[in-house]
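Trainee: Sequence:
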Amino acid sequence: MSTQLSTDILESIVDTLAPDDPNLRATKACSLVCHDFLAICRKRIFARIILNNPSVDPPPSLRIDWVQHGTTASFKRLLSFSPDLAQHVRELAVNLTAQDLKDTALVDIFKKINQLQALTLRCSRSSQSFLERIQFDWDNNPLRPGLLHLLHLPTIVSFNLLAIENFLVSDLIPCANLKQIRFSDLSISSAFPSESKPIIGSPIQPLSLFGGTKSASIFTEMYAMRCADGSPFFDFSGLTTLAYPMAESQDLEGLRHILSRCENLVNLSTRTDSRSFEPIFTNLSKMLTPSIHTLKRIDLLITFDDSKSPQKGQEDPFRGFIDALEGIENYNIIETLSIGVIILIDSTHGPLENWGRLDKLLTRPTWSKLRAVSLTVKTHHWFWDPSNPMDKTIQAFGETQFSGLSSHKSIVFNFRLVAQPL
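Residue numbering for the sequence shown follows our numbering, starting at 1087 and increasing by one per position.
Hints were generated in silico from the structure; no laboratory data involved.
Ideal placement from N, C-alpha and C gives every residue a C-beta, glycine not left out.
Be careful, since some hints might not be right.
Unchecked claim - Ranges of calculated distance between the beta carbons of each label pair, as one might list FRET restraints:
| id | residue 1 | residue 2 | range |
| --- | --- | --- | --- |
| 1 | D1271 | G1406 | 38 to 44 angstroms |
| 2 | A1310 | H1238 | 18 to 24 angstroms |
| 3 | E1412 | A1314 | 42 to 48 angstroms |
| 4 | E1412 | R1457 | 38 to 44 angstroms |
| 5 | D1225 | A1458 | 39 to 45 angstroms |
| 6 | P1507 | S1303 | 32 to 38 angstroms |
| 7 | Q1185 | E1485 | 56 to 62 angstroms |
| 8 | A1314 | A1184 | 18 to 24 angstroms |
| 9 | I1095 | Q1506 | 52 to 58 angstroms |
What the hints assert, rightly or not - With a straight-line cut-off of 16 angstroms between C-alpha atoms, the simulated EDC-like cross-links for lysine to aspartate or glutamate are:
| id | residue 1 | residue 2 |
| --- | --- | --- |
| 10 | K1382 | E1339 |
| 11 | K1464 | D1391 |
| 12 | K1455 | E1421 |
| 13 | K1300 | D1391 |
| 14 | K1197 | D1223 |
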């Protein structure tokens, strides 16, 4: 059966159905109507593929709202019998299993894909222990030729890598069009030290950089890489979004390096704990200077535990942070401030009354662009007690410490307490 409708009209019909069709049932039914519909629907059905992990999605899609779940084995069979379908794959997320890492046939399957825009790779949990992942050596595995084919496609703009060992930062050199980079729980290979010969090639200009566990060393390596003319190979001047975790105090240097090159940063997200937040806050206002006229959102997560501190019971989770905000209050355009504080309540009874300083600061006229403030406090107890006096004190903060923000006419203030047992 054929149709007299133009291709544009057919595509409009499918595009209208697709956003409200997360399981692709209507789209698949549409593909059976006629040959013209089949060709158009295939583009949507196979645009975004998630393999081996239907319960966990990759980072937010570039433009695709619908997704096709499956296994590596079924995907291999599909492209073996219908290789023309590979041209429709735009986003691929693979949760690699131990069996996948032995399947060299996957190399040829991956090489059939030539229009990929976003690649997400992660290792699955071990079959012996959910707390452990299988070991995947990026630099030494049978799938490497196929994975490099995908990564080095000129169409790739998003690369997300999780739970991988011995990643070679130099493998990113051909990725000239890469705009979004996300790393978490990686170790890097020393096979290509950043101090080696200059790089021949066009610099990479990412717009979004997301870091998770153990990512600071990779960011430091990226910062050190240079082009043949001495200019940075990773040009962070156009970076608009940066998520940088602070697991150790030495990670501060990596954050300082990247922020020093950011001239258009809009969103900054970081998390830290009581071991390292003081040096971060001490330097924060100075580090934000290059992007102070573009930065609109700050997300901060603090994990606070002073049980091993000489000043146990006297330290403030906001120590230094309010001072850092005061350092930028006269010339910032921040619109959204989101703060999360995790407190091990059985180890600290710090001076919580000082939190009211934040309320007084953010309600000054110098924060005229501020439109939303969110503060979430999570307390963890070794012994659960719903009547814990510290929880009751914190719960009342909306009235006792943040009355200015709570009643502010132009700022939406959201405060909540989450009390949990350890």
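Trainee: Next step is simple, just say for each hint if it's right about the structure.
Mentor: Each hint tested on the structure:
no. : hint                               : verdict
1   : D1271 to G1406: 38 to 44 angstroms : violated, 28 angstroms
2   : A1310 to H1238: 18 to 24 angstroms : holds, 22 angstroms
3   : E1412 to A1314: 42 to 48 angstroms : holds, 44 angstroms
4   : E1412 to R1457: 38 to 44 angstroms : violated, 20 angstroms
5   : D1225 to A1458: 39 to 45 angstroms : holds, 44 angstroms
6   : P1507 to S1303: 32 to 38 angstroms : holds, 34 angstroms
7   : Q1185 to E1485: 56 to 62 angstroms : holds, 57 angstroms
8   : A1314 to A1184: 18 to 24 angstroms : violated, 41 angstroms
9   : I1095 to Q1506: 52 to 58 angstroms : holds, 54 angstroms
10  : K1382 to E1339                     : violated, 23 angstroms
11  : K1464 to D1391                     : holds, 12 angstroms
12  : K1455 to E1421                     : holds, 5 angstroms
13  : K1300 to D1391                     : violated, 21 angstroms
14  : K1197 to D1223                     : violated, 20 angstroms
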